[in-house]
Amino acid sequence: MLQRWFSAGIATRRLVVVFCVAVSVVALVVRYPAALRDANDTARENAALDFVDRAVGAGNSVFPDQQLLVEARGLIPADASFTVAIGEPQPGWTPLTATSAEPFLRSFLLPRRLEPEGGWVVCLACDRAAYPGAAAVWEGDDGLSILQRE
Amino acid sequence: MTVRAILGIVALNGAYALLGVALLWAIRGLPRWSDVLRLAGLAYLLGVAAFGVVWTQLLVVGVPLRWLGLVLSLVLGTAAAVGAGVLLGRPRPRGYGDPARHASGAAVLGTATGVALTGLFLEVLFRAARLQGLQAYDAWAFWVPKAKAIYFFGGLDHQVFTTFANPNYPPVVPILDAAAFHAMGSADVTTFHLQYWFLVVGATAAIAGCLYRHVPAWLLWPSLLLVLTVPRVASGLLVPQADVLVDVLFVVAALLLALWLRDGRAWRLAAAAILLAGASLTKREGLLFAAAALLVALVASYGRHRVAWPRLVAVAAVIAAAAVPWRLWYRSNGIGGEGPSAAGAGGSLDRMLDALRLSFDVLFDTTLWSVVPVVALVAVGAALVWGDRRMAAYVAVLLGLVFLGGAWVTYAFRELPITAQESANPIVRYTGAFVLLSAAATPLLLASVWRSGAEERR
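Chains as they are written, first to last, in my numbering: chain A, 4 to 153; chain B, 121 to 578.
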């Protein structure tokens, strides 16, 4: 039987080729409109976002208020350094705030460098007494603030 | 998000394509303008890979990547390639037709349909990419910060490159991102998604262009379009990470090696060397893919080893020369190696079987890859029986090595749980290389089966 299969005629070989192409075409008929629809939906969703939503990106899932990110970029000079201080989670925080705030800010605020003794403190319900002499230059809800050290 | 940013990124990618065309003209010759058009995608990938490889070496030795350096490197690189082409006596392209292919009306219709459907899909992707926010974890956690470090500080900033996550990941993607930032005029992490759109366009054109003369349109386009639209590929095309680029560089190089096994044209090896060098500096598994492709090509060319093997060794030497300096840099900066801490040792047989089972489950998960791997395996089997057996064996063994490589990663990195969850185990992302190679090789294999019938009839 194997011998017969291996010496199969042209028709059998071509049937296998046509079968493979037919399976791909059927899958394509299913997948192509779905992929087009998904990409179109993504394009529409992206277009519906405002400038800040796009600039903040994943930060919207990390921080309860994107204003903190906008203010941090506006207030902390590009050549300055900052530190992130995180206290007890607050009711308005997202599940990612406590764990991802520091790595996100470190990425988002570049070229500002993250340094423990940085001149600026991005404070998320932090213990302000730990930064004596630091003045709040911006304060928002849910314990969010930006402090500037002396 | 401005017109200026879009124009900048268009100009940058045009410059990559121009560099690549010059390189391709030097190593191959482009006798007709139709050759330039047909191989424009391959040329673009060559330009991207060459740019990434050269700038990796420059950054390692401390040359800063600034606006002027970016422009100079592209201009000088293109001029050097053109100079090499002149020295090698390459004729200038003339004429438009393709004398090697007399397409029937049906073939033209098939090509036009494939190009139109692909173009429509790419147009929608363009609109999605243009206004895409930075969402993917790996992208904001380390790929983009590294790019920003190159853009703002000029080079491999010690603090960023040694303390962010995955510090030993190679720098080609951050280099391309940093170049995009320079071209756009700012670190615009929205518009820079267009860079990834250009990579998708280039990859699609490269695969289609490499296969155009070797397979009929009705075999090429269903496979190519299907792989672009299967759920896991379609959803990852614009994610600003290195996975798509490393897969594309590897797969196009593997295709060139497969065609070289058939016709022995040396330019294919030169192009594969550039692409694989780029892959080895794009992601850690790029080195594994390059080694697998060369090893299989070495075995498959045994019949003419006196001519073929020295050339393959030369390709391996080029890749090693490109890959080593970055590895030396990160080791000299106190960063650990790329391999698992106890590679191949200490893992249990159970873990090995679990890793294999996981790779198998992921590969045949139709919700991720539709029928692409299944059709490819049928095509490999058919070609082994009736078609071009050497090429089929090359593809089969290479797919097998890529598959086993994925299982080895899960097995050897013992901190990875046995799960297809992408945040915990990279096996799904890794399997993308297998699937893309499957889709690109399927038309070649099926064409050899189809033609074997015709040859026998003659």
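Honestly, the hints are just simulated from the structure, not real lab data.
Careful: at least some of the hints might be erroneous.
Stated by the list, open to error - Quick partial rundown of chain A residues pointing at chain B, CB under 7 Å, derived from the structure: (1) R16; (2) L18; (3) V24; (4) V32; (5) R34; (6) P36; (7) V55; (8) R57; (9) Q93; (10) S110; (11) P114; (12) A132.
Every residue, glycine too, gets a C-beta built ideally from N, C-alpha and C.
How the hints compare with the structure:
no.: 1; hint: R16; in the structure: 5 Å, holds
no.: 2; hint: L18; in the structure: 10 Å, violated
no.: 3; hint: V24; in the structure: 6 Å, holds
no.: 4; hint: V32; in the structure: 10 Å, violated
no.: 5; hint: R34; in the structure: 4 Å, holds
no.: 6; hint: P36; in the structure: 9 Å, violated
no.: 7; hint: V55; in the structure: 10 Å, violated
no.: 8; hint: R57; in the structure: 4 Å, holds
no.: 9; hint: Q93; in the structure: 23 Å, violated
no.: 10; hint: S110; in the structure: 4 Å, holds
no.: 11; hint: P114; in the structure: 4 Å, holds
no.: 12; hint: A132; in the structure: 29 Å, violated
When the structure is compared with the earlier hints, violations turn up for hints 2, 4, 6, 7, 9, 12 and for no others.
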